[in-house]
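Given the coordinates of chain A, assemble chains B, C and D onto it according to the supplied hints.
Residue numbers (our numbering), protein chains in the order written: chain A, 909 to 1264; chain B, 909 to 1264; chain C, 909 to 1264; chain D, 909 to 1264.
Since the hints were made in silico from the structure, they are not lab data.
None of these values were measured; they are calculated from a predicted model.
One or more hints might be untrue.
As the list makes no split between identical chains, a pair holds if one copy fits it or if it spans any two.
Unchecked claim - The calculated SDA-like cross-link candidates involving lysine to any residue, where the alpha carbons are at most 25 Å apart (straight line), are:
| id | residue 1 | residue 2 |
| --- | --- | --- |
| 1 | K1105 | T1162 |
| 2 | K1105 | F963 |
| 3 | K1008 | E1117 |
| 4 | K1229 | A1165 |
4 protein chains.
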Amino acid sequence: MSLNSFGHLFRFTTWGESHGPAIGAVVDGCPPGIALSEADLQPWLDKRRPGTSRFTTQRREPDQVCILSGVFEGRTTGTPISLMIENADQRSKDYSDVAKAYRPGHADYAYDAKYGFRDYRGGGRSSARETASRVAAGGVARLVIPSVRIRGWVEAIGGDGIDYAAFDDAAIDANPFFCPDPAAALRWEAAVDAARKAGSSLGAVIACEAVGVPAGWGAPLYAKLDAELAHACMGINAVKGVEIGDGFAAAALTGEANADAMRPGDADGPQFLANHAGGIAGGIATGQPIRVRVAFKPTSSILTPVETITRDGAATDLATKGRHDPCVGIRGVPVVEAMVALVLADQFLLHRGQCG
Amino acid sequence: MSLNSFGHLFRFTTWGESHGPAIGAVVDGCPPGIALSEADLQPWLDKRRPGTSRFTTQRREPDQVCILSGVFEGRTTGTPISLMIENADQRSKDYSDVAKAYRPGHADYAYDAKYGFRDYRGGGRSSARETASRVAAGGVARLVIPSVRIRGWVEAIGGDGIDYAAFDDAAIDANPFFCPDPAAALRWEAAVDAARKAGSSLGAVIACEAVGVPAGWGAPLYAKLDAELAHACMGINAVKGVEIGDGFAAAALTGEANADAMRPGDADGPQFLANHAGGIAGGIATGQPIRVRVAFKPTSSILTPVETITRDGAATDLATKGRHDPCVGIRGVPVVEAMVALVLADQFLLHRGQCG
Amino acid sequence: MSLNSFGHLFRFTTWGESHGPAIGAVVDGCPPGIALSEADLQPWLDKRRPGTSRFTTQRREPDQVCILSGVFEGRTTGTPISLMIENADQRSKDYSDVAKAYRPGHADYAYDAKYGFRDYRGGGRSSARETASRVAAGGVARLVIPSVRIRGWVEAIGGDGIDYAAFDDAAIDANPFFCPDPAAALRWEAAVDAARKAGSSLGAVIACEAVGVPAGWGAPLYAKLDAELAHACMGINAVKGVEIGDGFAAAALTGEANADAMRPGDADGPQFLANHAGGIAGGIATGQPIRVRVAFKPTSSILTPVETITRDGAATDLATKGRHDPCVGIRGVPVVEAMVALVLADQFLLHRGQCG
Amino acid sequence: MSLNSFGHLFRFTTWGESHGPAIGAVVDGCPPGIALSEADLQPWLDKRRPGTSRFTTQRREPDQVCILSGVFEGRTTGTPISLMIENADQRSKDYSDVAKAYRPGHADYAYDAKYGFRDYRGGGRSSARETASRVAAGGVARLVIPSVRIRGWVEAIGGDGIDYAAFDDAAIDANPFFCPDPAAALRWEAAVDAARKAGSSLGAVIACEAVGVPAGWGAPLYAKLDAELAHACMGINAVKGVEIGDGFAAAALTGEANADAMRPGDADGPQFLANHAGGIAGGIATGQPIRVRVAFKPTSSILTPVETITRDGAATDLATKGRHDPCVGIRGVPVVEAMVALVLADQFLLHRGQCG
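Isolated chain A (complex conformation) (with noise of 0.2 Å):
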C-alpha cells in the first residue's frame, strides 16, 4: 500500500484532481478470462453519480467510464486495466476565496502544510470526486469474486436511524437514500431539505454487508481482513469511525454475549448461533456475512460563515459556496461498497496465492 495505490495482488491506482481533465485509476492484478466492458462498471458508477437527486451535489458529471486497456475481445488479459472518467462540469467559477483562505474541516490547510502549496479547485485531489475512481475499479474487483454479494445501505442520518425491524431489501434502491426502511427515508427526506435549506450538513452511518465471503480468506497478521477492511473505509473522504460486527457496541458485553456459538452444519460449514463477530476471527473470513459499519461527518462545505485563516495566516469568516452534498454520506454507499468489494478480490487472490 503506497501512497496511491491500495492491495496487494489485486491492487489498484488512482489518479486525478476534481478540475483537471479526467481522474481515473488503473487495476493491476486482475486475473485473465474475466468478460468485461464498460457496461458492467457503469451501474455502479451511476449509483454513486452525483446530481441525480437534489439530495447530493448539483455538479452534473455523466461519469461515463472509458477502459483503455487490458481488455482484448471483451476478456481481460491479465495486464493492467487503464479506466478513466472524463470531468465535464468543471465550472469555471471564482475560486479565489478557497484560493486564499482555508476552509475549516477541509483538508486545504493541511495540504498546504504538507506540500507548500495546492491545487484549490474544488479541493484538487482531496475532493471526494476520486471516489469515482474507486467505484469504477470496484466493478471489476465485483467480477472476480461473482459469487460474493455485497450490499451497503445508510443506517443512520443526522443520528437518526433506521429501524431494523422494519428492514426491507426491496426498499434500498427505491429512494435516493439507499434506505432499507421507508419511514426512515420519508424522515431523512425533510431532515436533508432543512440542512440544505439551512445552509447546513448532516453527518450518516453507512452499514455493508457481504455474502458468500468463503471461511479461510484474510491474510494474518498485518492483512488481516478486517483490518484491510478497516483502513478501506477509513481512507474514505469524511470517514471517521469504521466498525466490524458489533464493534464498539461489543466493548460493553460480557464474554458469553459476545460468544458466536456453533453448531454441526453441512457443507458450507457450522451453523453459527450468531455473529456478533461480523464475520472475521482472526483476521480471517469465518463464512459467515461480512458486515462493516462506517460513519461520515457532516461535509465540511457549509454556506454558514466559519471563523478561519487566510494563506497569510491573517483571521477572516470563509461560507464555502459552491454545489456540494448536503449529506456526504449517503452518496457513499457505492464507495463503501467498492472499497469492500476490492479488498475481498485482493484476499481472495493473496488466498489462493498462498494456500492454492
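For chains B, C and D alone, coordinates are given in the frame of chain A:
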C-alpha cells in the same frame, strides 16, 4: 503491507507463536545514529507484561527483549534491528480439548479453514502474545519521533466509562487499569473481579492521543494517516472498532457543530477552536493532537461452557480453561500506543522522503 | 515492485497495449513544487520515437505525451502524475498469422501459457511500445534529481564495437545510432542496412553513465542500487544481460587489478584512482560515475521464416511481416537512460526518507 | 522489495551482522502443510559453510540453523518462519585498522557516507556472512517448488573457464570448486593456491540452471522473471554482472541465429530447437531450462597494501589482514542457487494467485 510486515519506510515484521521457543520482530528502515539499548524498550514491555496484577492473565513472562542486530556502540546503524523475546512460561498443559474442538469467538475454526491445520497451543500465531513484539518495535519507533508524546488510557470497561471531568494524567499509571479517573478505577476493580470469579470476561474502550505531530505528516490517498491508524489498530487482537476524533458521534452532528474553526496562531500553526477531526484532515495531520479510540471485545476465553463443534464436525460444549485475561483490553493500552508510534514513525520518514 | 509498478517512494505504474487506444504511466510519490509541463518530457520521447530514420521501425507515432493530473499552475503538487500517449498509427493489418501461430523468440507462447489467451495485435502488452511510458516517466524522474547527468550510447551493434579512444560526446546525437565514435557509426549504417534488406536483425550493447550521484544513495541489502539497476534494465524488452562497472570482465581480474584505490580528495569526496566498481560498493553509491552496460538481443521479428507451432500445436513456418526495428537496441538508449533516472530518483527519496 | 525484504508473496527479510550474536531470516508467505525441519535446510548451509577447504576463508562457523517459528508438528503452518544462525567464531581481533581507514573496493566508505558511521567488525551488515540467511531461506523455497531442480556450478575462475564438452554433473560436488570439469578443477587448485599465497584474490563466473519450471511463471512487466532473477543475483555480495540465456553473446547474433525455433511437442509443451533465451520470453517462463550466469569480482580483501584514506581523509596504505576467501565466487554457488529458488517460489505463488 504484506502479510506479516507493517509500514512503508519504517517497517517491521513479526514472527512467533504463543508456545514456540520465542517471538520477535525485525525493524527495518530505522534511521541511523539513534541511541538504542534494551533498556529503552523494556519499560514498554513491562507495561504490557502479563502477571503483574490479578486483573490480567497469570502467565508469568519476564518478557526480556534482546537486540540481536542493527545497533553498534549503542547507536542504530540503519540496518535491520532484530528483537527477540523468549517464551519462558510455556506451561506443558494438556491441549487436547482445544486441539479437537473450536473455541467459539476464537480464530481456531478460521485458521483451520485457511491453512488446513493449526498450532493450537495457546492460540499459536493468533495469540495476543504476539503483541509483545509490536510493543518492542513500538519502543524503537518512539525514539525515531522523540518530540511526539503518545499516551493511551482505558476509557471504559464493560460499558462503564470514565468521567472526563475527573481526568487525571498522573492517575493513569497509578492503578492496574491505566485509568485516568480514580473513581472509575475503583468501580472497575469490582467489576473485573466479579467477571473473573464468574468465569466471564469484559470488553473495553481504549483512547490514545499523540501530541506534537507536525502538520503535514500523512500520505494521501492510500496511506492516509487515519487509514493507517485504523489498519494498525483494527489489526490488534480482539479489536472490533476504531474511531478518529469524534468518530461515530460526528455522524450525528451538523456541519457547523463539527467545524474546527481556526484563528491566527503562532509559529507552531494556527489556533484551532475545536478538534472534532482528531488532528487529521484529508488524511494529513493538522498539527492538533491525534486522537484515536479503539474498541476491544471481551476475550472469548471464558470458563462458561459454550456450544461448539469438534474438528470432525460433531457437537460439543467447550469451556476455555487455562490462564486468561478477564479484560484483554486493559493490556491493549501499550499495544495501541505502540501501533500509533509505529504508524507515526513511518509517516515521518515517508513525509521526509517525499517532501524533504 | 508489484507486477506493473516499479519503485519504492518514487513509483510508477504503466498500462496499455501496442494497439489499444493509448498507453500511459502514473507517477506516484513525486516531490511537490517541481516545474513540469509536457515540454519537459517531449524531448525524451522524441529521442525514442519510431520512424525517424530508416534504421528504426517505420510505424509513425507522434508520441505526444499529455499530463492529466498532478500538476497545478506549472508545478507538481505531490499527487499522482498521470501521463498518457495516444496510439495513433495502429495499422489495421491482418493479424491472423500471429493470432494463430507463435513467433519464435517472442512472448506469444509464454503469454498464452500464462494467461490462456493474449492480445496478439502488435505484441499487445509485451510490445516495446510500452517503453514510451517509461521514457515519459523517466523525464519526470530527471527533474527530481536535476544535478545528476544521465547519458547513454550504443557501444556495439552486431558484435562490432566502438573505439573508446575515439569517444566524442558530441557525436552521440549526431547520428541515428547514438554512437559516440563516428567511424563506427559509418560501419553500423552499412551493417544495419544490410540486415534490414536481408530481413534479418542485429543485437546491440548499450552503455549508460550517471554523473553527479552523491555517495550514500542506495538501500542495502534488498534495494541495493546495483540490484535495482539490474532489475530495471533486465526488465526492458529484449535485454539479456546487465553489467555494473567492469561486469563480467571483473571476474577475470585479480584483487589488486580490480581495486579502486583512494587518495585524499576535496569536499566532493575522495579521489578514486579507478572505477572498476562502476560507482557502487555494497549496493551504495560511492560518488563516482555510475556505469551500466546492457545487452539487447536481436529482435525476433524477422522476415526469414522460422519453424514454429500453431496455437493448436501443429507445425508451421512463420515469417514476421510488418514494421519492425532491424536493431531494437538503438532505441534502447533513451529507455535505459529513463530506467536509470527512475531508479536514481527513487533512491534519492529513499535515502532522504531514512537518513534525512 | 523494501530495503531488507525480498519477494512479493513468498517474501523473506534478513537481519544480522558479521560479528553480532547471530544472523537470521524471516520467511513469510510460505504455503501451509509442507514438511520442514532443520535437517531440510542444513545441507544447503553446509555447502556454503566456510572453513571446509583451504580455498575458502578459515573462519570456522558451524552454521547450524534453528527454526524458531512457523512449523508445528513437522509441517509449515502458513505463518512466518523465523530462521536463526548463531555467529560462533567472532574472533576478538583488533579492528582498529579497518575502523580508521576505508578498504578500497569494500563498502566501508559508502556505508559511512550513507549512515554517518558503520559497524566495521568484519564488514558488519555488508559482510558476505549475511548470505547464510539467504541460503537457509532458499532451502525453504526449494520445498515450495519440489518439482523444480536447481543446480549451480563454477564456470570460470580468474578467467580460466571450463570445457563444456567435458561437463560431468557428478563432478560438481566432488571437488572444492563446484567444478563440473575435473581438468579445470585441477588447474583452479593451482591458481587459487597461488593467489592465496600471493595475498591476492580471483574472480569467478557462476552458472545456474533451473529445470522443471512450468511455462507461465513470471509476472510482467515489473516483476518479470528475468528482472527478478537479475535483482536477486546482482544483489549478492561481489556480483557485477548477470546474464539470462546467451546474455551479452546474444548482442552479437543475428535474429536468425538467436531464434529458438519450436516444433510440436508433448503434454509438457512444445519442442524447442535451441534455448538462446535461457527459458524466459517476455519475462515469462517458456518451460525450457532457466539459465543464469553471474560474475563475481575478486574479493577486495587482499594482503597486498593498497592506497586509501582514513576516516579523517588522510592518505594511508591498507592491507586487509584476517581470514578471507581467495575466490569468493566459489561459495557463491549455493547463494546463487538459493536466490534462484527464492525467486521461483515467489513467482509460483504469484502465478497461482493471479491465474489460479
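Each hint tested on the structure:
{"no.": "1", "hint": "K1105 x T1162", "result": "between (45 Å within a copy, 13 Å between copies)"}
{"no.": "2", "hint": "K1105 x F963", "result": "within (11 Å within a copy, 54 Å between copies)"}
{"no.": "3", "hint": "K1008 x E1117", "result": "neither (43 Å within a copy, 31 Å between copies)"}
{"no.": "4", "hint": "K1229 x A1165", "result": "between (49 Å within a copy, 18 Å between copies)"}
Checked against the numbered hints listed earlier, the structure breaks hint 3 alone; every other hint is satisfied.
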